[in-house]
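Visitor: This is what each chain is made of:
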Amino acid sequence: MNTRIRKRNTVLWFILTLVLMLFTIAPVVWFMMVSIQPPDVARSGGLTFDFTPTFENYINVFGKMNYLVFFKNSAIICFSSTLLVVLLGSLAAFGFTRKKNRFTANLSSWVLSNKMFPPIAVVIPIYLMMTKVKLLDTFAGMMLVYTAANVPYAVWMLMSFFDDIPIALDEAATVDGCSKPQALWHIVMPLASPGILSTGIFIFVLTWSEFLMALLLTGTNTKTLPVAIAAFINDRGIEWGPMSAAGTSLIVPLAVLFYSIKKYLVRGLAFGAVKE
Amino acid sequence: MKRGPSAIADDLRKNRWYYGLIAPTIVILLLINIYPLLYSVYVSLTNYKLTGVKNLKFVGLKNYIDLFGNVDFLTSMRNTLIFVVCAVSSELVVGLALALLLYRLGPLGNTMLSFFLLPMMLTPVIVGIMWRFMYNYDFGMINFFLSKLGIERVAFLSDSSKAIFYLCFVDLWQWSPYVTLLTYGSLQSLPRDQVESANIDGAGVFRVFYHITLPFLSSTLWICTLVRIMDAIREYDKVYTMTMGGPGNATETASFYIYRQAFKFFKTGSAAAASIILLIITIIISNIFIKRMRKNEYKN
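If you're matching them up, the sequences are chains A and B in order.
Using the numbering used here, read the first sequence as starting at 1 and increasing by one per residue.
Using the numbering used here, read the second sequence as starting at 277 and increasing by one per residue.
These are computed hints drawn from the structure, not numbers from a lab.
All the given hints hold, so there is nothing to weed out.
In silico EDC-like pairs for lysine to aspartate or glutamate, Cα to Cα no more than 16 angstroms straight-line:
| no. | chain 1 | residue 1 | chain 2 | residue 2 |
| --- | --- | --- | --- | --- |
| 1 | B | Lys540 | B | Asp348 |
| 2 | A | Lys99 | B | Asp287 |
| 3 | A | Lys99 | B | Asp286 |
Given the structure is predicted, the values throughout are model-derived calculations rather than measurements.
Excised from the complex, chain B in its bound form:
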């Protein structure tokens, strides 16, 4: 096959109907996603301030270098890492366990699944508010039951060393059903004859799970993992409604840090730099995801 500009022009002409249909989407993405991001890269290299600066000047990588010495930024990155690792790993375990449980229950499980999906459809802002309610020291439901059991009340969200884990727990509550929904769907096509013959051969529940079920679900679990990572890495809504990053900055995630820098302290240049760092991390992870997706697509 010949290559080069004439071949490309040929291809464009021949398929102009299809390319023409795709073009508007590409244009709007370039205009409202890519161009702003490039502009953000530019801003991150300047001393831009939202309140306005007298002499806007190019400062090179200064914003980036400063960030790596900035304790608040590093704390927010650490919090994001804790959040992503704890929330996503627990969601995978709980979500998968629940899917297996529902699968075991047969048709009844399918009906019950609908109820489990409830948290997933809720607006994250509402979830945050709801759990602020649940965690409330004086009248929260959890403390209500704890006190009924004779256990001392816990001030969940004002404990700076543990608050981030309580946030993870809310994410677990909201998003394990996601893993459940996807894996439960895949389980429907689990090769039953394999499981049965393994059972006849005397393989226990755990061996069947490890050697048959888990490999069978691996591609679905892979997708769950990455979708959840991409989502958790940008966590903002629940932090905003539950803790505002507090106590101190114990629950300040990267997104929340960037938001505060840009819109509360008006350090636009520095915030843009931080957002570009977050973006790069995200792009690296998403590339793994997209490679995997395309592998799946070719399989179909």
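Extracted from the complex, chain A is given alone in its bound form:
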């Protein structure tokens, strides 16, 4: 093929991709930009570079509006449920990958099917039940709900990691005198630890972003960040400045975590069905 045409085409493709990329990131950049604008610039949309950067919106949000409380709530709920999810998920994933028969295959499919249920269908009865057992608006309640919601994801993602560790390895360990729990704890877990860590991060990101359940099941004691931010939208209109400051502070930690597991993202996002 004519290399000159090919080169020219590549340049054209590159420019097209660049335009698409700008379009993809423009809303995010604008949103973050508004968060460092003086409130009066932000109020009128802030579609301008003509301003002196200020942290006034952040001071507003974290100082006057006490956003640290929501941060703390989100952190408590996300950390505790992620830990529980990863613990339960690793044990189950180990069981599923080391004992493969028709029964466990059906059971693991059933576990995954739990992730398919629309949250709105689960949240109505959970609301009624939690009201009865006084778990509504408590950290323990939210932790349990998020654990059940995310453990299927974790099991499937972890299964893809445990599958990469040859069974021969833990069999050899048992032959050498390790008990089964020891083989799991000393041989398999350390090898799976990168997978376990990235699963944990993935689950954390999911929980951090969850809105519907948090909206209905949390209250004054446990309100999480997404719910607090959505509350900026009210009848009096929207205060763009403080809201974009609150929003930015919510998504920046997510971005860091998300990019840290980029390599393993595909597995998580496809329930372990596609491996790169």
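Model the placement of chain B on the given structure of chain A, informed by the hints.
Guide: The following block gives chain B in isolation, referenced to the frame of chain A:
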């Protein structure tokens, strides 16, 4: 192999270590997913109201039958269908096209991919707010550029006939990268020799795509489709932050309808019935998905 209770007991005893590891997960799912759903089925058969009813009674399938005559419910189902079909199909096309584009760019494409992933990691609530911003009539970025180009401003989210499509567009913006990420990953193992020999034989770009690339990506695309359908069918966050179902109920999705019925109008019985209908639809689709997943698993 012998079957029956004794064989099962035998199996349980022999493998109790493995089953014991799986058990806690199963228990928590039964307790916090399955039991509530069964309870919801029960609620859907009663006249339950969140504010409390004097005589709670069993009304049979009345809630379900009423729903099928309820215009608001049917509208919300229609909106959900529009949303799922438009959003998912456009995501597949755009996502795949972008993946091919990045693949064509070689190592440079891999670097650029990272930037495209940005929308995907954003919290849906924030995405909704961000695009409410973008769509704003007075100072939104889109209207800003439209007015610069001399085109009249558009009141995107208050146009009841088109608002749902503008919501789809936001979903497209957020989730095409998902399709891109997965298909781009699969493209790395595309058999190059096949493509090259097809090129030598004079096959054009489209024929190569249709006969080699597309079949090669089919299982990945299949997974993308179903994951995106499952996600789009429960759409709630963006509706809540962008339109609150409005104007009127033009953008009210099934999840949002159920939420309003249950927690704004306190018609718990009816809302539970609607959620069970949504659940059944979801289960049917997810079964296709899981069958496909297991086929993949046996292949590995």
